[in-house]
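J.: Given next are the chains, with one letter for each unit.
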Amino acid sequence: MLTYVALPVRGEGIPVTGKEALAFGKAWPIFERSMKRFARICTKDLDKQDDLLQEVMLTLWNQDPTRWDFTIDAHILYMNKMLIHRMHDAWDKDKNFREKAEDIPGEVRMDARRAEAEAGRALRTTLA
Amino acid sequence: MPLLSPQSLIITSRALAGVGLTPEEVRWDAKTLERATDAEGPPSWDARFIHVAGFWSHYNHKSRTSAWPFPTDLTTPELGMFGMHHNVLYQEPMAGDIFLQWNVRVKTFVHSGVVVDVEGAIRVFGRKPAFDLYTVEGDTNEFAQLRGGKCMRVQRRLSAELGDRFLRWEELRHEGARRLGDPRC
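Chains as they are written, first to last, in the working numbering: chain A, 1 to 128; chain B, 129 to 313.
Derived from the structure by calculation, the hints contain no laboratory data.
Ideal Cβ placement from N, Cα and C applies to all residues, glycine included.
Heads up, some of the hints might be wrong.
[To be verified] Footprint (simulated), chain A over chain B, 3 or more residues, beta carbon under 8 Å: (1) 142–154; (2) 193–206; (3) 215–223; (4) 283–291.
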């Protein structure tokens, strides 16, 4: 007696599957130039500029470019505004942080660093 | 009462995506185009694709009717309104749901498709979860963009945090939801 078993067959020429993650690569070049320009306006420090661009890229990623139609000017303008505000916020926060850090006297800063290192050591000892 | 089957919708929509339905085959009728065309152009045919798949997956050849519970001229924003009105919009997906993707600028749903599988969930404390989904949708492309002009299987992440919702149409089990045959489908 013969027994037939259906085996799964891998089809030829099956259309590719779309991936949402790829949309970022399409969307970023639209904003890259203006974001780099704004980062240069914010700070002359190249490392800081890179940090600001990273913040903006993360925002664009989190906003999910697939729900935006970047062939429509209004969508590009809205997103551009959102990204510039985000970069401005990040820059402002960084600036405030640095100003506050400069206000703190050197000895206090050293004490804080020492306390932090001690806390780290204590944690490592506990974990060990 | 006709049975609504998410599994049938999944199978039909996946088959249609495999065949590669073109925009010409699933175009909106003139009335819908006139009604739904706005400043951003004519409505996307993503919802039309769902209606075609839904209609044929629930078609009964004996009565020549389909149990598909939606009017077949509802665009994506209207599907959202319909779901809200019938209280079947959810924040967490299930296979067979219709996903509705939200856009914060136009403050409406801009894209829709069929959830084939929920591949995973990302839960962050204090935030609404995000879901990795395998979907079938119309008017998209390899990059899962809006108005891509193709019928595709897509891997995407959706989240209620960004306003996305899932239409659990299986729960529309009432007499009024039964549709007569649509000659266009």
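J.: Does each hint fit the structure? Answer for all of them.
T.: We went through each hint and held it up to the structure:
| no. | hint | result |
| --- | --- | --- |
| 1 | 142–154 | holds (count 3) |
| 2 | 193–206 | violated (count 0) |
| 3 | 215–223 | violated (count 0) |
| 4 | 283–291 | holds (count 4) |
Hints 2, 3 from the earlier list are contradicted by this structure; the remaining hints agree with it.
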